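**Student:** Residue strings, one per chain:
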Amino acid sequence: MTGAQANPLAELAKLSAFLRRDVLTRLSYRTAILADWFSLFSQALVFYYVSKVVNPARIPSSGGQRTTYIAYVTVGIAVSGLLAIGLARLVNVIRQEQFMGTLESLMVTPTTASVILLGSVVYDLIYVPFRTIIFLVIVSIGFDVSFVTSGYIPALVILAAFIPFVWGIGSIASACVLTFRRGTGVLGFATFVLTFTSGAYFPVSLFPGWVGEIAKINPIAVTITGMREQLIGGAGWDDALTVLAKLIPMSGITLLLGLLAFRLAMRRERRLGTLGLY
Amino acid sequence: MLSGVDLRVGAGRISALLGPNGAGKTTFLRIVTGLLLPESGSVHVAGIDVAADPMAARRHIGVVPSGDRTFYMRISGIENLAFFGRLYGLSRREALARAERRLTDVGLSDAGGQRAGLYSHGMQKRLSMARALLMNPELLVVDEATDGLDPEGARRIQDLVRGIADTGTAVIWTTQRLDEIRGFADAVTVLDRGRTTFAGTVEDLMLQSTSRAYFVRLRGAGDAATDAELDRANGALGSQGTLSRAGGDREHLRLDLTEGAVLGEALAAVSGAGLTVLDVAQQRSELEQSFLRLTTPRT
Numbered sequence: 000m001t002g003a004q005a006n007p008l009a010e011l012a013k014l015s016a017f018l019r020r021d022v023l024t025r026l027s028y029r030t031a032i033l034a035d036w037f038s039l040f041s042q043a044l045v046f047y048y049v050s051k052v053v054n055p056a057r058i059p060s061s062g063g064q065r066t067t068y069i070a071y072v073t074v075g076i077a078v079s080g081l082l083a084i085g086l087a088r089l090v091n092v093i094r095q096e097q098f099m100g101t102l103e104s105l106m107v108t109p110t111t112a113s114v115i116l117l118g119s120v121v122y123d124l125i126y127v128p129f130r131t132i133i134f135l136v137i138v139s140i141g142f143d144v145s146f147v148t149s150g151y152i153p154a155l156v157i158l159a160a161f162i163p164f165v166w167g168i169g170s171i172a173s174a175c176v177l178t179f180r181r182g183t184g185v186l187g188f189a190t191f192v193l194t195f196t197s198g199a200y201f202p203v204s205l206f207p208g209w210v211g212e213i214a215k216i217n218p219i220a221v222t223i224t225g226m227r228e229q230l231i232g233g234a235g236w237d238d239a240l241t242v243l244a245k246l247i248p249m250s251g252i253t254l255l256l257g258l259l260a261f262r263l264a265m266r267r268e269r270r271l272g273t274l275g276l277y
Numbered sequence: 000m001l002s003g004v005d006l007r008v009g010a011g012r013i014s015a016l017l018g019p020n021g022a023g024k025t026t027f028l029r030i031v032t033g034l035l036l037p038e039s040g041s042v043h044v045a046g047i048d049v050a051a052d053p054m055a056a057r058r059h060i061g062v063v064p065s066g067d068r069t070f071y072m073r074i075s076g077i078e079n080l081a082f083f084g085r086l087y088g089l090s091r092r093e094a095l096a097r098a099e100r101r102l103t104d105v106g107l108s109d110a111g112g113q114r115a116g117l118y119s120h121g122m123q124k125r126l127s128m129a130r131a132l133l134m135n136p137e138l139l140v141v142d143e144a145t146d147g148l149d150p151e152g153a154r155r156i157q158d159l160v161r162g163i164a165d166t167g168t169a170v171i172w173t174t175q176r177l178d179e180i181r182g183f184a185d186a187v188t189v190l191d192r193g194r195t196t197f198a199g200t201v202e203d204l205m206l207q208s209t210s211r212a213y214f215v216r217l218r219g220a221g222d223a224a225t226d227a228e229l230d231r232a233n234g235a236l237g238s239q240g241t242l243s244r245a246g247g248d249r250e251h252l253r254l255d256l257t258e259g260a261v262l263g264e265a266l267a268a269v270s271g272a273g274l275t276v277l278d279v280a281q282q283r284s285e286l287e288q289s290f291l292r293l294t295t296p297r298t
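So the protein sequences, as listed, match chains A and B.
Counted from 1, the first sequence has number 17 at position 18 by numbering that gives the first Met the number 0; the numbering is strictly sequential.
Counted from 1, the second sequence has number 1 at position 2 by numbering that gives the first Met the number 0; the numbering is strictly sequential.
If you are wondering where the hints come from, they were derived from the structure by calculation, not from laboratory data.
All values reported here derive from a predicted model rather than from experimental measurement.
Some hints here could point you the wrong way.
What the hints assert, rightly or not - Simulated restraints on C-beta separations: (1) S149/A x R92/B: 42 to 48 Å; (2) E151/B x L44/A: 58 to 64 Å; (3) H120/B x A189/A: 37 to 43 Å; (4) T200/B x I125/A: 45 to 51 Å.
Yeah, the Cβ is synthetic: ideal placement off N, Cα and C, and Gly gets one too.
Please put together the full structure from these sequences, using the hints given.
**Tutor:** Written as structure tokens, this is what we have:
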């Protein structure tokens, strides 16, 4: 696709059309929205009771503060949930468009492939972080988890820096699905490995030492640890900036690779004429 | 795989692309719309090379795809149109205004607020037409639009397209239905296994027919034509053709015209021989015969 002639601002303005389309579509599935929230809170409820049998002394401190397992795991659930839902939607959105027969209708409009991909997930890029924040607030009230109030803003900034990573990984997976027509299994495995070794549910210190070494360069682990230090330990902006200095390049590179992979996959589909096939 | 396909469509002209399944019609349309890159050759729309600049070319092309489910079924018809309008760079206000106008043009103004998923097959085709016309395209590409429609629905779509062509839009109309191109298309290209086997007018296509057989129902002095009356009619026909019995039925006969003979003159000759022509039916349409001759695999 020739994107050189496209006016970037005019292209970005099209995102609001995608957002409106998806808000209207999602509002027509009200039961699914309720089911999503129910599932999220039932998960938190399970971990709340699990936390009753976990010795807080075994939970690593965050920002120098000791905490309970429910506070520890809530941040993990929030970030891994964002990753899982974000990835699933990114991967499935193009597949869905293929199945529904709307992908070719989009592709015959003068819209770049990047904008079609971004537009297809713009709703989720807004909704999923919003869902994460609401989840953190409600759990902190409902399960008596005390997060440091001054830590919310730095934690949100760290979360925002993590989103391009999710988008990048999702774009790579989306490119794989477009090319191979399958790929959700591989994606599920990769998500599991990344999340399991991130310390989302268990302290990384429980794993062999090399897992801890990998966690240092695992953007999910970096995000979760950074957010815990803010929300539990109130580590402050200096600490947040250190996390961001590590996270932003990782996210940026992943996003660029993702968009490149998606573009190449689209180009291949155009060459083979198989875009509408699934 | 397409090879040696050359098609030019002028403003206000309807060019039919005819061919059996697998002939390459949809592949051709994908190349025209920039969804598929040709290995060689080029397509120009409004002077723009589609492969080199598909984004610019697409601003001049409206597409009516062959599939039914090319809309977002959970949102209304007008929201669908407004969404696609915005992908062409229109503001929401302008996109809505155009969507309303086009819905009226295709007779869907009352159904604009309904979810697209509730539309019938014919309504979805018309919605598709409305979407294709949002930007007043210079080229309208219509892929088997009447497939699955009842005769009234098909006629309605054809009337719409004819009206659009009359405003100066060039139309490429693909179909497998021969009956719909007579009196509708200005030019025909027949594709078979990726190659052009015919390019010309509908009338030229009909001339490709080699056999011109008709069933005629005649009455002589009595109820059915006698052998003597048949001989007299054949004498009157001369080199124009032959009249013969079609099976055991004495009332129905077969009239085979020779090349260049005119049906009306032949029937006049039969009448002149004292027989009354009650009915005439083409054994197989000239278009159908031409189509089969141009596309049937040769051994």
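**Student:** All hints are to be evaluated individually against the structure, with a verdict given for each.
**Tutor:** Status of each hint after checking the structure:
Between S149/A and R92/B the CB atoms are about 44 Å apart, so this pair conforms to the stated range of 42 to 48 Å. Evaluation of the 58 to 64 Å hint for E151/B and L44/A yields a pass: the beta carbon distance comes to about 59 Å. Judged by the Cβ atoms, the range 37 to 43 Å given for H120/B and A189/A holds: they are separated by roughly 42 Å. Between T200/B and I125/A the CB atoms are about 56 Å apart, so this pair departs from the stated range of 45 to 51 Å.
Of the hints listed earlier, the one the structure fails to meet is number 4.
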